[in-house]
Amino acid sequence: MWRRSASFILDNRTPNDVASASRPESLALSPPLQSSAMADADANSAYYQTRAAHHGVVTSDWLAQAQAAVGRNPDDLGSVVASEAEPKPASDSGKPFSVIEEFNNWRKQPDLAEAVAAIRALASVIMSSEATTMMELEIELKKASDSLKSWDKTSISLTAGCDLFMRFVTRTTALEYEDFNSAKSRLIERAEKFGEISTKARRIIAVLSQDFIFDGCTILVHGFSRVVLEVLKTAAQSKKLFRVFCTEGRPDRTGLRLSNELAKLDVPVKLLIDSAVAYTMDEVDMVFVGADGVVESGGIINMMGTYQIALVAHSMNKPVYVAAESYKFARLYPLDQKDMAPALRPIDFGVPIPSKVEVERSARDYTPPQYLTLLFTDLGVLTPSVVSDELIQLYL
Amino acid sequence: MAEVQGLVNELATKLRKRKVEGSRETARLTAELFRTVISQQRVTSAALVEVVRDVGQKLIAANPVELAVGNIVRRVLRIIRDSDLSLEVGGLTLVPQGDDGDIVEEDDKPFLLSDAISQTILHQPSLVAQLESKPNLVRHFEGKADKTPRSWQFKHQIIEGVNDLIEDINTCHEQIADQALELIHQNEVILTLGHSRTVKKFLYAAKEKKRSFQVYVAEGAPKHLGHVLAKELAEKHLQTTVISDSSVFAIISRVNMVIVGVHAVMANGGVIAPVGMNMVALAAKKYAVPFVVVAGTHKLCPLFPNNPEVLLNDMRCPSELLSFGEFSDCMDYSIGSGAPLLNVVNPAFDYVPPELVSLFVTEIGGYHPSYIYRLISDYYSSEDLVLQQKPAS
Numbered sequence: 001m002w003r004r005s006a007s008f009i010l011d012n013r014t015p016n017d018v019a020s021a022s023r024p025e026s027l028a029l030s031p032p033l034q035s036s037a038m039a040d041a042d043a044n045s046a047y048y049q050t051r052a053a054h055h056g057v058v059t060s061d062w063l064a065q066a067q068a069a070v071g072r073n074p075d076d077l078g079s080v081v082a083s084e085a086e087p088k089p090a091s092d093s094g095k096p097f098s099v100i101e102e103f104n105n106w107r108k109q110p111d112l113a114e115a116v117a118a119i120r121a122l123a124s125v126i127m128s129s130e131a132t133t134m135m136e137l138e139i140e141l142k143k144a145s146d147s148l149k150s151w152d153k154t155s156i157s158l159t160a161g162c163d164l165f166m167r168f169v170t171r172t173t174a175l176e177y178e179d180f181n182s183a184k185s186r187l188i189e190r191a192e193k194f195g196e197i198s199t200k201a202r203r204i205i206a207v208l209s210q211d212f213i214f215d216g217c218t219i220l221v222h223g224f225s226r227v228v229l230e231v232l233k234t235a236a237q238s239k240k241l242f243r244v245f246c247t248e249g250r251p252d253r254t255g256l257r258l259s260n261e262l263a264k265l266d267v268p269v270k271l272l273i274d275s276a277v278a279y280t281m282d283e284v285d286m287v288f289v290g291a292d293g294v295v296e297s298g299g300i301i302n303m304m305g306t307y308q309i310a311l312v313a314h315s316m317n318k319p320v321y322v323a324a325e326s327y328k329f330a331r332l333y334p335l336d337q338k339d340m341a342p343a344l345r346p347i348d349f350g351v352p353i354p355s356k357v358e359v360e361r362s363a364r365d366y367t368p369p370q371y372l373t374l375l376f377t378d379l380g381v382l383t384p385s386v387v388s389d390e391l392i393q394l395y396l
Numbered sequence: 001m002a003e004v005q006g007l008v009n010e011l012a013t014k015l016r017k018r019k020v021e022g023s024r025e026t027a028r029l030t031a032e033l034f035r036t037v038i039s040q041q042r043v044t045s046a047a048l049v050e051v052v053r054d055v056g057q058k059l060i061a062a063n064p065v066e067l068a069v070g071n072i073v074r075r076v077l078r079i080i081r082d083s084d085l086s087l088e089v090g091g092l093t094l095v096p097q098g099d100d101g102d103i104v105e106e107d108d109k110p111f112l113l114s115d116a117i118s119q120t121i122l123h124q125p126s127l128v129a130q131l132e133s134k135p136n137l138v139r140h141f142e143g144k145a146d147k148t149p150r151s152w153q154f155k156h157q158i159i160e161g162v163n164d165l166i167e168d169i170n171t172c173h174e175q176i177a178d179q180a181l182e183l184i185h186q187n188e189v190i191l192t193l194g195h196s197r198t199v200k201k202f203l204y205a206a207k208e209k210k211r212s213f214q215v216y217v218a219e220g221a222p223k224h225l226g227h228v229l230a231k232e233l234a235e236k237h238l239q240t241t242v243i244s245d246s247s248v249f250a251i252i253s254r255v256n257m258v259i260v261g262v263h264a265v266m267a268n269g270g271v272i273a274p275v276g277m278n279m280v281a282l283a284a285k286k287y288a289v290p291f292v293v294v295a296g297t298h299k300l301c302p303l304f305p306n307n308p309e310v311l312l313n314d315m316r317c318p319s320e321l322l323s324f325g326e327f328s329d330c331m332d333y334s335i336g337s338g339a340p341l342l343n344v345v346n347p348a349f350d351y352v353p354p355e356l357v358s359l360f361v362t363e364i365g366g367y368h369p370s371y372i373y374r375l376i377s378d379y380y381s382s383e384d385l386v387l388q389q390k391p392a393s
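First to last, the protein sequences are chains H and Y. The first sequence begins at 1 in full-length UniProt numbering and counts up one residue at a time. The second sequence begins at 1 in full-length UniProt numbering and counts up one residue at a time.
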């Protein structure tokens with residue numbers, strides 16, 4: 001009675017045939033929406049665009065945007081970049097250096113986290129800077145960091161990454177360095193090291209969480225987090241017997257992509273629609289989510305639906321584990337769901353909606369710390385109360 | 001050297017045969033053993049850390065469920081690291097330009113560094129440490145064997161640290177009992193389970209200070225140690241009532257506070273306690289009765305519990321529950337298919353999650369379960385969490 005039986009393996013019910021009868025329109029690309037949707041598309045947060053770019057989710061709105069972009073004057077994009085370059089000090093004569101461009105270049109790598117891309121971009125600012133004193137360099141960096149943050153006001157890990165790097169710069173300049181160049185090279189070296197942290201952090205988190213995944217367990221996963229995927233990959237590779245429930249993750253369809261990846265690893269996967277979470281929660285042993293940001297209270301900001309799942313899990317006494325790297329710790333303290341910069345995204349219902357019907361388009365929610373059990377970070381396994389401690393030590 | 005080996009083996013055997021009763025006794029014996037081991041050693045810190053790790057692993061393997069052994073091993077390792085770092089820092093005269101006046105006391109205090117600095121540089125990976133590059137301590141370790149006056153100082157500091165630790169373990173009950181007056185008020189009704197020496201001394205202290213209160217003692221099946229506690233309390237003229245474990249839920253609404261002792265406190269604030277405690281904790285939560293845990297800091301374990309009901313549990317002999325004579329035909333393995341129809345499970349411990357605990361009373365004060373991580377970072381170093389790994393990583 002102390003052993004868990006992996007009943008889902010012993011169960012010899014035939015699996016349901018893959019519902020090929022699902023509505024084709026929800027899966028196929030629907031024709032581009034009307035111009036009203038186009039106006040909305042402009043209000044889309046860059047946050048969503050990042051997600052879409054990474055996940056390769058093709059929706060009708062994205063398609064519409066892409067078509068429109070191709071049709072638009074190709075110089076438009078260039079001018080956006082150039083206008084960012086203008087306020088930069090004219091210290092770089094010759095080709096204008098744009099931190100946004102640099103950031104975008106880094107961000108395109110699918111494996112790189114946003115915060116790390118930001119830090120790399122800032123590092124390249126240092127490298128290409130012609131400042132001769134620390135003060136000047138700091139000012140340049142501050143400007144670059146501000147422009148990065150304002151380019152996407154909604155992304156928390158971007159803000160957190162920039163803040164972390166700026167904090168490091170200020171701390172370093174407090175120490176005495178004999179000459180400017182050695183200080184500069186130290187900053188660059190540190191930034192490069194930071195870049196390695198991204199992949200290293202995921203490995204550390206994966207190793208830390210292995211103890212908590214036991215044979216025969218059922219894990220519920222929401223959203224597509226590369227960290228959580230790494231955790232599950234490591235568990236699968238060490239031949240643990242477990243199965244995963246993926247929520248569909250409308251409208252990003254993160255669940256579909258995640259189930260693809262897991263099927264490649266031969267992990268038994270079950271897809272649920274988002275509303276089926278409470279229905280299946282009694283079979284679940286633990287919930288695993290990633291985080292877009294970890295806030296000061298110890299709560300997390302993650303894809304829409306996380307709060308709901310955490311509430312259900314808490315009411316049924318199931319542990320909720322969060323896998324997040326340490327650079328996602330942000331100096332935010334949301335008091336309620338609306339307390340953050342809104343990140344909107346288009347939602348495609350497959351059928352046209354009357355224009356006077358409002359749609360809740362927020363892309364993320366805030367889960368308070370009392371619903372989270374443990375956070376797995378590269379700093380170790382933490383309880384939510386440790387987060388504010390870490391942030392205080394760093395920033396104050 | 002061989003004598004030390006003999007002592008180590010002796011303690012390991014005692015642990016394996018479960019001859020040592022209680023975590024305080026275990027902690028004390030382990031700490032005293034380490035004092036002997038260290039005083040016999042050469043002084044390079046790297047070697048010392050290795051030796052302590054080896055001995056520690058042996059002792060832990062003898063009784064993995066007795067978490068106090070691992071706690072003491074890690075405490076000693078932290079003492080060694082602190083002494084090393086403080087000497088290193090003192091030697092380089094890179095003393096922190098702190099505003100605290102007494103920065104360098106002569107050789108008495110092993111902790112010369114302020115908490116923040118020592119924590120960031122030395123012990124925990126933290127956001128701050130990610131930005132600074134941590135000094136590689138292994139490098140520092142090697143070049144140290146030659147300086148004789150420093151090495152004598154180093155050993156002296158460590159032995160002092162271990163002596164302090166032993167002293168703390170010995171006096172923990174008194175220091176915890178000092179806080180009894182703040183918690184127990186007049187005309188209170190207190191519930192406890194089983195027989196915990198810490199709780200006993202706690203209640204004695206309140207009684208001596210002329211508080212009048214009653215105690216309900218749940219007997220703590222199957223060992224029924226609650227009976228022993230009840231008798232001792234009654235001898236001290238405390239109004240005591242013995243109840244069975246199953247009636248805790250019925251009685252809890254008449255109780256003001258639950259005070260219990262535990263086997264170990266885990267890093268997330270959860271506790272490993274004698275079996276039946278989870279029930280008491282749930283009852284207390286339901287009726288909003290404060291659930292107070294009294295525990296010395298030697299019970300504080302830096303590990304997180306995963307599947308504690310199985311992995312951190314001791315399955316004891318079934319004869320404590322069933323007398324073999326009456327049920328022998330059901331329990332006989334040689335009949336039929338060889339698998340007995342009647343299984344008897346006798347776990348020694350229960351896991352109580354942190355949400356059910358209201359307060360931890362330790363010898364250094366009272367803390368909420370969410371604060372336990374701070375105590376752990378004060379007492380333990382994160383490099384020592386996994387003892388099997390080699391330090392040079």
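Think of the hints as simulated: they come from the structure by calculation, not from any bench. Where is the CB? At the ideal position from N, CA and C, for every residue including glycine. Be careful, since some hints might not be right.
With a cut-off of at most 20 Å between alpha-carbon atoms, the simulated EDC-like pairs for lysine to aspartate or glutamate come out as follows [claimed, not checked]:
(1) H:318 to Y:383
(2) H:200 to Y:383
(3) H:184 to H:111
(4) H:318 to Y:309
(5) Y:58 to Y:88
(6) Y:14 to Y:25
(7) H:270 to H:282
(8) H:193 to H:111
(9) H:233 to H:282
Far from chain Y, some chain H residues (derived; all Cβ distances over 10 Å) [as the list claims (entries may be wrong)]:
(10) 239
(11) 273
(12) 349
(13) 374
(14) 384
Here are the computed distance ranges between Cβ atoms for each label pair [unchecked claim]:
(15) Y:371 to H:260: 42 to 48 Å
(16) H:339 to Y:251: 42 to 48 Å
(17) H:370 to Y:210: 47 to 53 Å
Here is how each hint holds up against the structure:
1. H:318 to Y:383: Distance of about 30 Å is beyond 20 Å: violated.
2. H:200 to Y:383: Holds, because 17 Å separates the two Cα atoms, which is no more than 20 Å.
3. H:184 to H:111: Answer violated: residue 184 of chain H to residue 111 of chain H is near 28 Å, above 20 Å.
4. H:318 to Y:309: holds, 15 Å
5. Y:58 to Y:88: With a Cα-Cα distance of about 30 Å, the restraint between residue 58 of chain Y and residue 88 of chain Y is violated, given a limit of 20 Å.
6. Y:14 to Y:25: Holds. Residue 14 of chain Y to residue 25 of chain Y sits at ~12 Å (cutoff 20 Å).
7. H:270 to H:282: holds, 15 Å
8. H:193 to H:111: It holds: about 16 Å lies between the C-alpha atoms, which stays within 20 Å.
9. H:233 to H:282: With Cα atoms ~24 Å apart, residue 233 of chain H and residue 282 of chain H exceed 20 Å; violated.
10. 239: About 18 Å separates residue 239 of chain H from the closest Cβ of chain Y, which puts it past 10 Å; holds.
11. 273: Holds: least Cβ distance 30 Å, greater than 10 Å.
12. 349: holds, 40 Å
13. 374: Residue 374 of chain H not clear of chain Y: closest Cβ-Cβ about 7 Å, inside 10 Å.
14. 384: violated, 8 Å
15. Y:371 to H:260: 42 to 48 Å: holds, 43 Å
16. H:339 to Y:251: 42 to 48 Å: Check passed, 45 Å falls within 42 to 48 Å.
17. H:370 to Y:210: 47 to 53 Å: violated, 40 Å
Comparing the model with each numbered hint stated earlier shows that hints 1, 3, 5, 9, 13, 14, 17 do not hold.
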